[in-house]
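Colleague: Here's the letter readout for the chains.
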Amino acid sequence: MSNKAKRGTEILYGLIGEARQYDDAIILGRGDPDFDTPAHIIDAARHAMEHSSGEASPPEGILPLRRAISDRVARRNGVVYDPADEIVFTNGGQEALMLMIAATLAPGDEIIVPEPNYNTYKDAVAFVGASVVSVKTSAEQAFRTDPAEVRAALTARTKAILLVSPNNPAASVISRADQEAFIAIARERGLVLIADDIYDVLTYDGIEHVSAASLPGGRERTLTLNALSKTYAMTGWRTGWVTGPADLMATVRALKAGVSGPASIVAQYAALAALTGPQDELERMRSAYIERRRIVLDAVKAMGLSFGQPQGGQFVFVDVSETGMDSVELAQKVLREEHVLAYPGGAFSPDMSNFVRVTFLQSEDKLRDGMARFKRVVDDIRRTTGQ
Amino acid sequence: MIDHLREVQRRTAMNDDLSTPAPTLVGRFAFDVASDQPSADLPLDVLDGVTKALFAGQTHYVDVPGMGRLRQLLSDHLRVTERADVAADAVVVTAGIQEARFLAIQVLSETYPVVAVPEVVHPGIRNALGVRRPHEVLRLSAAPEDGYLAPIGAIEEALEAGAKLLVLETPSRLSGATYDAQSVRTIADLLVKHDAHAILDTGFAAWSEAPMPSLALQPNAEGRVTLISEALPGVGLEAWSLGVLATSSEHLAGITKLKQIMSICTSTPSQLAAIEFFDRGLQDVTSVRNSLAKARREAVEQAMAVGATVVPGSCANVLAVATIDGTPVGAADGSVSERRAWRV
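Protein chains in written order, with my numbering: chain A, 1 to 387; chain B, 388 to 731.
Everything labelled a hint here was simulated from the structure, so no lab data went into it. Careful: at least some of the hints might be erroneous.
Derived pair list, reagent style EDC-like, types lysine to aspartate or glutamate, alpha-carbon separation capped at 16 Å [what the hints assert, rightly or not]: (1) Lys580(B) to Glu532(B); (2) Lys439(B) to Glu50(A); (3) Lys333(A) to Glu18(A); (4) Lys439(B) to Asp43(A); (5) Lys301(A) to Asp379(A); (6) Lys644(B) to Glu497(B); (7) Lys644(B) to Glu10(A); (8) Lys366(A) to Asp24(A); (9) Lys333(A) to Asp380(A); (10) Lys551(B) to Glu497(B); (11) Lys439(B) to Asp36(A); (12) Lys375(A) to Asp298(A).
Incomplete in silico selection of chain A near chain B, CB under 10 Å [unchecked claim]: (13) Gly31; (14) Asp32; (15) Ala126.
Beta carbons are placed, not taken as given, at the ideal position from N, Cα and C, and that holds for glycine.
Chain A extracted, bound-state conformation (with noise of 0.2 Å):
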C-alpha cells in the first residue's frame, strides 16, 4: 500500500513497529514521556491493590476521584463541575475524545476539524458516521485557528467544532479573543464545542492556556477532555475524563456504560493520588520538559530548518521542505538509516506533508544524539540534491 492510500494511524504504528527493530532507536515520534510514573502514586496504587480490589466503580468513577477531577477542574481550568453529574473517569484521553464525539455527533453531522491535528480524532469521527469539515492553519500564522475560516467552514449539517490547545501537533494555543470568538459561534449556530485540554500545564514562553469552558457562555455547552498520561508519566494506566454540563454528561455517561463500563479501579485509585499527592515531580518533569524544548529548537535551528514556534504541548512541528522529501518518506528514511523515529506530518493532515513532529520526551543526551543523527540524514540530502 502507498504512503498516500494509508491512514494516519497506520502510518505511525507502521513507523512505531519498524522502530522496534532496532535496539539503538530514539524515539522522537510517541507521545509517550521517558520518564516513570511518581513514586507516590504507584505506592497509592498498591495500596488500592490490596484494599480496594473488591470495591464496585460506578461506569463514570469512583466520587473521591470525581470530586479531586472538580477540584482540579476548578483550580487549573477555572470552571466548576459537579462530581455527581459532570464528571465520567474514562480509560485515558483517547476513550474520553470517543466518548465526546459519539455523545455529540450522529451519522450525517459534521464536526469542523482545524488541521493539522492527531489522526484519530478523524478516527472517532468515521466511527460514529460523521463528517469531518477541516480548517487549514499555516506555520505562518503560526499555526493559528481562524475563527473566521471556522465560520465559513460551517454548513447546515455542522454540529459541533474541536479545538485542541495546545494542539497537537502544531504546539499552538488557542488565544482567550480566539477562544471567545468560537464560543460566539456555537451559540450562534447552536453547537458543542470539543475541548481537548490535555496539553494545558504544558505552554512556554508565558502563554497562557485558557479553556473554552471558563469562558462566559462557554460551560453550557463544551465538553472538555484531559488525562493524566502525559503530565504525570502515566500513559500505561489509562486516566483520563471528561467534563461537561449535565445535560450532555448523561449521554456521555450511558456510552461509557456500554463502551467499557468503569475503568480499572487500581487505576483509578493511582489517578486520585496524581491529583491529590504532592505535585513537587510535576513541575520537576515540567522544568525538564522546557528545558528539553530549548534543546530540540537549537538543534532544528543548527539544522536550518524552520518550525512553528511550539507554544504548548511536547512537541516541535519542523519544517523540512527544504529536503524536497515528502515528510513520510523523510521519517523512513530517517528511522531506517538513523534509527530515528519523528512522526510524519502527513500523517497528521495530507496539507502538511512538509513537516515532521519532533518530540521532546526523551533524556537530554538521547534529544542530542536522536537530532544529531536527524542532522547527518538532511545533511546529506542537501549535499546529494545540492540544496
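Starting from the structure of chain A, add chain B where the hints point.
Modeller: Below, chain B alone, put in the same frame as chain A:
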C-alpha cells in the same frame, strides 16, 4: 439542551426495544450486574510482582491488543480450559468484559448488519449495541424453563430471517444454564448453513458444573466464533477491568483498530496482574467453584423452602429464582462466598 443532541440521546437510549422482558411464567427477575463473578482476596505475592514491575518502569503504553506475553498466556488458558483454540495473535486484551462486548459487537455488526440477540441477556450487550446501532436487531425468545438460553428453533428462525450474527451467552449470565453438546453441534451447523458468525460470551464457563462444550471448538465453526470473557474470572481481578477477546483473522484487524481508537491499550497494572497470576499457576478456580457449588445447593434448598421457583442452571456462581407472587427480586447470587450471602 442543544436541539440536535436530543436525536443523539434518543439513538443511545439503550435499546428500549431490546429491554429484558418480564418473564411471564414464573414472575419477574432482576439482573445483578455488579457481582457477576466471585470476589477473592488477592495473593500478596501477586501484588508484590505487579508493584515491582511498576517501579521498574512498566508504566508506559503497551501494544494495542495487549502485552505479547499475556496474549500468549491467555491463548494457552483458553485452550486448556477447552473454550477456544486460537493463536496468541488472535487474542486481544480488553478493558474489561464490557469493552470486549463493545468491540466484538460493533466491529462484527459492520460485516453482519442483522444481529440476533436473546431477549434475556446481560444488559451490557444491549448497552454495547446501543452505542452505534447495527442495521437490524432480531430478538430470540428465551424462556425460564430453558434457563433463558435461546432455543435452537428460535436461532434457526432468526438465521432464516436473515440474521448473520448471533450474540450468545453460554452459560447464561442470568441463570448459569449452558447449551448441551447436541445443541452446540446444531448451532455450529446452523452457522455454517447460513454463513453466519457468533459472538460467544463464556465468562461463566469456569463455574459450570455441567459439561461445557464450546461452540468455538466445533470443527466446522472454525473462524465463525468470536469469544469474549473476563480474562481471569474469580481470582479477584473483577474491578481491575480486564477482559479477553479471541477472534478470527478476518475480524482481528478491525477489532484492533477500534481498540486503538477507543483506549490505545488496556491498563498496564491490570495486564501485569494477570501475568503474575499465570506465572504462579493461580489461574485455576476449581476449589472456588466447589465451595460455591456447595453454597448454591444450600441456596436452592432455601429458595424452594420459601416457595420460590428455581430457574434451571448449572453454574456455581449464580442462582436465578422467582418469588411466588411475581414480586421483582434480585438474581440470587451465591457467588461471593464470605463477603455476601446469596441475595434476593
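Colleague: Would you mind marking each hint as holding or not holding in the structure?
Modeller: Hints, verified against the model:
For the hint linking Lys580(B) to Glu532(B), the alpha-carbon distance of about 28 Å lies beyond 16 Å, and the restraint is violated. For the proposed pair Lys439(B) and Glu50(A), the alpha carbon gap of about 14 Å is at most 16 Å, so the pair holds. Pair hint Lys333(A) plus Glu18(A) holds up; C-alpha atoms about 12 Å apart against a cutoff of 16 Å. Between Lys439(B) and Asp43(A) the alpha-carbon distance is near 11 Å, which keeps this suggested pair within the 16 Å criterion.
Between Lys301(A) and Asp379(A), the direct Cα distance comes to roughly 13 Å. Compliance with the 16 Å bound is thereby established for this hinted pair. Pair hint Lys644(B) plus Glu497(B) holds up; C-alpha atoms about 13 Å apart against a cutoff of 16 Å. The suggested pairing of Lys644(B) with Glu10(A) holds, with an alpha-carbon distance near 9 Å, which does not exceed 16 Å. Our distance criterion of 16 Å between C-alpha atoms is met by Lys366(A) and Asp24(A), whose separation comes to about 10 Å.
Of the supplied pair hints, the one linking Lys333(A) and Asp380(A) holds, its CA atoms being roughly 11 Å apart against a limit of 16 Å. At roughly 11 Å between alpha-carbon atoms, Lys551(B) and Glu497(B) fall within 16 Å of each other, so this suggested pair holds. For the hint linking Lys439(B) to Asp36(A), the alpha-carbon distance of about 13 Å falls within 16 Å, and the restraint holds. Pair hint Lys375(A) plus Asp298(A) holds up; C-alpha atoms about 12 Å apart against a cutoff of 16 Å.
Residue-level restraint check for Gly31(A) holds (minimum Cβ-Cβ distance to chain B is 9 Å; threshold 10 Å). Given the 10 Å rule on beta carbons, the hint for Asp32(A) holds: about 5 Å separates it from the nearest Cβ of chain B. At its closest, the beta carbon of Ala126(A) sits 9 Å from a beta carbon of chain B; the interface hint therefore holds under the 10 Å criterion.
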